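Fit chain B with the ligands to the supplied structure of chain A, relying on the hints for placement.
Going down the list, the sequences are from chains A and B. In case it helps, the working numbering puts the first sequence at residues 371 to 572. In case it helps, the working numbering puts the second sequence at residues 371 to 572.
In case anyone wonders, no lab produced these hints; they're calculated from the structure. Remember, predicted model here, so these are calculated numbers, not experimental data. All the given hints hold, so there is nothing to weed out.
Derived DSBU-like pairs: lysine-lysine, alpha-carbon spacing no greater than 30 Å straight-line:
(1) A:K393 - B:K393
(2) A:K446 - B:K393
(3) A:K446 - A:K500
(4) A:K393 - B:K446
(5) A:K500 - A:K570
(6) B:K500 - B:K446
Residues from chain A that keep clear of chain B, each with C-beta distances beyond 12 Å, as calculated:
(7) K500
(8) L502
(9) H504
(10) Q525
(11) E533
(12) Q535
(13) G548
We treat Cβ as the ideally placed atom computed from N, Cα and C, and that holds for glycine.
Protein chains: 2
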Amino acid sequence: MRTSQLLEQLMDSLRCLPGVGPKSAQRMAYHLLQRNRQGGLALAQALSTAMTDIGHCSQCRTFTEQDVCAICDNPKRQETGLICVVESPADISAVEATGQYAGRYFVLMGHLSPLDGIGPADIGLDVLEKRLQHEPIQELILATNPTVEGEATAQYIAELCQEHQVGASRIAHGVPMGGELELVDGTTLSHSIIGRQQLKYR
Amino acid sequence: MRTSQLLEQLMDSLRCLPGVGPKSAQRMAYHLLQRNRQGGLALAQALSTAMTDIGHCSQCRTFTEQDVCAICDNPKRQETGLICVVESPADISAVEATGQYAGRYFVLMGHLSPLDGIGPADIGLDVLEKRLQHEPIQELILATNPTVEGEATAQYIAELCQEHQVGASRIAHGVPMGGELELVDGTTLSHSIIGRQQLKYR
Ligand SMILES: [Zn+2]
Ligand SMILES: [Zn+2]
Chain A
371 MRTSQLLEQL
381 MDSLRCLPGV
391 GPKSAQRMAY
401 HLLQRNRQGG
411 LALAQALSTA
421 MTDIGHCSQC
431 RTFTEQDVCA
441 ICDNPKRQET
451 GLICVVESPA
461 DISAVEATGQ
471 YAGRYFVLMG
481 HLSPLDGIGP
491 ADIGLDVLEK
501 RLQHEPIQEL
511 ILATNPTVEG
521 EATAQYIAEL
531 CQEHQVGASR
541 IAHGVPMGGE
551 LELVDGTTLS
561 HSIIGRQQLK
571 YR
Chain B
371 MRTSQLLEQL
381 MDSLRCLPGV
391 GPKSAQRMAY
401 HLLQRNRQGG
411 LALAQALSTA
421 MTDIGHCSQC
431 RTFTEQDVCA
441 ICDNPKRQET
451 GLICVVESPA
461 DISAVEATGQ
471 YAGRYFVLMG
481 HLSPLDGIGP
491 ADIGLDVLEK
501 RLQHEPIQEL
511 ILATNPTVEG
521 EATAQYIAEL
531 CQEHQVGASR
541 IAHGVPMGGE
551 LELVDGTTLS
561 HSIIGRQQLK
571 YR
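For reference, chain A alone in the conformation it holds in the complex (with noise of 0.2 Å):
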């Protein structure tokens, strides 16, 4: 028998975020009522706000409330003249944290998966390939995941720059295979970036 409607409500609310069962969800809800009621309710401005405002940079496709990020608007980025193309927004966040790179990004929210029928222009290729002709890039790094899908969607894109005699690198394997960018450590991401290897097309 419930006590309370909200309560219910609360807890099934909370398992739509990875990884929280029933068990964590009444923890959870418990927890919030008991002792933080006000940070409750930080945290539903916070998820009210960022669901609504945050959009995806018009540059590197990014998540960002503006119409171009930060890392995209600043000068010092562009003049290197390096995109790092990676899957998903939580990659940029583990490249930045290396302090290894400095030049901009682009994110492909995703893989070339044919079989799921995603193709070229859902992972932004048609916006990459404008930038390709119309910006000085000396060169793509290409580090999307070292899984399959990663490997052929990096081919493919490294193909791209070939066409528009575009510069292209793949970060070294210092990851390990099968595994995602963004559970890596810092230590073999860093050297993963300095060894990366220039790509021969074939």
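Leaving out everything else, chain B with the ligands in the frame of chain A:
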């Protein structure tokens, strides 16, 4: 370098949830933004309403948005003459899940802890004493946690019962000592309710 202030705020706010560190907060924020914005908005709404509208039942002190909760308000529950005294609202869920109990509850929202300055009135024992005086109660089942503080609190309430000539019992120690009631499996908890022992007064 941050690409979104709202995203940073969201990650910070998520850390008010128990068991959520920086890595989990990041995964949660990206998950909602990428895959479930509607879920994120629903969670914001549920949090906001719950934190604002949920108070305590005037009879049993559990969480509810009504003056009297659905359990206290149920005449069949009243007819049993039983009140199960627990430390937290989560313990009500645990006892309800056993299906072994059809009476009412009283939630202490803690336990006696003289060193922390938590005395009888802080855990609602003034309210409970009025109920012992004015309601036809047959028996109080003392289901506080099997910890030092829980045992001391049960003993204190047993003495209140003796003063007011109301029966008192303690749930059987099938529950492992030093544990938390809400984490115990249903079978163990069922046995502990069925095998409850009449208290001997000092
Ligand atoms: Zn950008
Ligand atoms: Zn109640």
